[in-house]
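The residues making up each chain are set out below.
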Amino acid sequence: MQLTAAEKILSRKAGEVLRAGDIVVADVDGAMGTDATAPFAIKAFEGMGGGPVWDNQRFSLVLDHATPAPNERVSGLHALMRDFAREQGVKLYEVGDGICHQLMVENGHAGPGELFVGADSHTPTIGALGSFAVGIGSTDLAAVMRTGRIWLKVPRSIRVELTGSFRPGTFPKDVILHLVGKLGIAGATYEAVEFGGSAVRSLSLAGRMVLANMVAEMGAKAGLVDTTGLELPDALAGRDFPEHNADAGATYRQRIELDISDLGPQVAVPNLPDNVKDVREVAGTKVQMAFIGSCTNSRLEDLHAAAAVLKGQRIAPGVRLIVTTASRRIFNEALADGTVQTLSEAGATFITSGCGPCVGTHQGVPSDGENVISTTNRNFRGRMGNPNSSIYLSSPAVVAASALTGEVTDPARFFEPVAGAAGGRAEA
Amino acid sequence: MSRAVSSYEGRAHLVGDNVDTDRIIPGKYTKTLDTSELASHLLEDYDPTLAGRLEVGDILAAGENFGCGSSREQAPIAIKAAGVSCVVARSFARIFFRNAINVGLPVIEVPDLQIEDGSRLSVDVRSGRVLDLTTGNEYAGTRMPPVMSQILAAGGLQAYLRAGGDYTVKE
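Residue numbers (the working numbering), protein chains in the order written: chain F, -12 to 415; chain U, 4 to 174.
One or more hints might be untrue.
Said to hold, decoys possible - The calculated DSSO-like cross-link candidates involving lysine-lysine, where the alpha carbons are at most 30 Å apart (straight line), are: (1) 31/U - 273/F; (2) 264/F - 298/F; (3) 140/F - 169/F; (4) 31/U - 78/F.
Bear in mind the hints are in silico, worked out from the structure with no lab data behind them.
Given the sequences, and given the hints that come with them, work out the whole structure.
If you want it as structure tokens, here you go:
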């Protein structure tokens, strides 16, 4: 029987061969909630009868969406989560530790072939490890906290086969923006998107996480990246994982082949993530705010790309560049290798590792009429806290180049052609 | 099994395609457990007058991909707390659809829905039948998996699990 990665992982969980369309009630291998979703989950958990969570070693809480707390109401919700974590003996990641999906991957909470659920829509990011990772809401999370189980429909899959190599200044973000534009904002609703091909095999874990992250912007339930050639995080070293990659003869709803050598930098223009254009079509649009951050693009290689553009330079007058890292660990690495200094000297402002301005709560709300160039994943009206501002989505290289010039800019000229490495990135 | 109310009649408020959860309830208002406050900001960035015009029992009618974007359950909670009895749409985003059922907000997918703002609708949740009382047009909604019907019939996932202790998936 030839199975997709989604069918294979869920079949193993069910103990019988499942195909797309089947319903399964499965034991999860891990679960998490954030300060945006866990307070309602804790309330629902208590409404279901409370008691101990099903397995306090497999559940964790993350403070990342509004950190440090912008007001007493949010600090109250954070306190509620800390109290719950203490009572239940579950791991809680504190203010500044990082973004939930990054922390789950860095710290070994999810692994290849496992079923992971997170109360955040970008949970599919974890599929970069070959996990079946699904975003759920608060009440579903409460049910998992209580039972350790979740019901799921086995999704059909779309296979994306990536070949070729990156042009200078082009990165995994450009690939996923292009695919979101091609498939559309509901193009993979209820489905899994599975990535493979020679271009994927040469990607780092960080690059793979960018691909899996934005399947959420196609409506997908999960994104699964073939793990061939993947170097696992240290936290997973020495552990065995079940076979999880798709079989060669699996049946897909659709197959997409993309030679990334043909692709240049992409930008999603307001107000939907699937309004994707070549950067040259948008070049010259004035920007007042630039943001490098979020679960999509704030890992070390993203900061390196920005530093390659900004080293020894100064951002344009009238532009503010806000930078955050996906975790404290990444911040420390960027501190140690000089990247933080390079960016700060160029005029970047570093904020707490976490979701930052992406979710429109604080730490960088744009004002009326302003344009924001951002490495995030959503440009819905009002997303960053002001419905009268406009958000453009791009790679960190485009954001850095645009911060430098004050207008949307093709970053290609900042990157020397190099063979092999993802993104053809220059070193900071 | 005891059943929650399964048919509704009310005035429909029409919204368009791809109404995302940031429009339904902006992220800056979500950090609260106060559901009536969530309701006061419902669809604020889409139509600032809507929350004030809603009456208890009204129906929300939408185009494609309603509720796309974040996993925030505050979106269906805000809709329910505003007094909306049910949501009908040509299609829904996955997490929103699931969250709505889990909080006991009936949602019916009607792929060929074609109604005017302000129409009176009659919605039968169990059969998925939607009748436009203004035009007389009748629509057949997509059937949801049995586990979802059972959760909705129980009034939401909290009540479903309190009653049964675990999932029972019957065809």
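Each hint, compared with the structure:
1. 31/U - 273/F: Holds, at about 26 Å.
2. 264/F - 298/F: OK: residue 264/F and residue 298/F at ~27 Å, within 30 Å.
3. 140/F - 169/F: holds, 25 Å
4. 31/U - 78/F: holds, 26 Å
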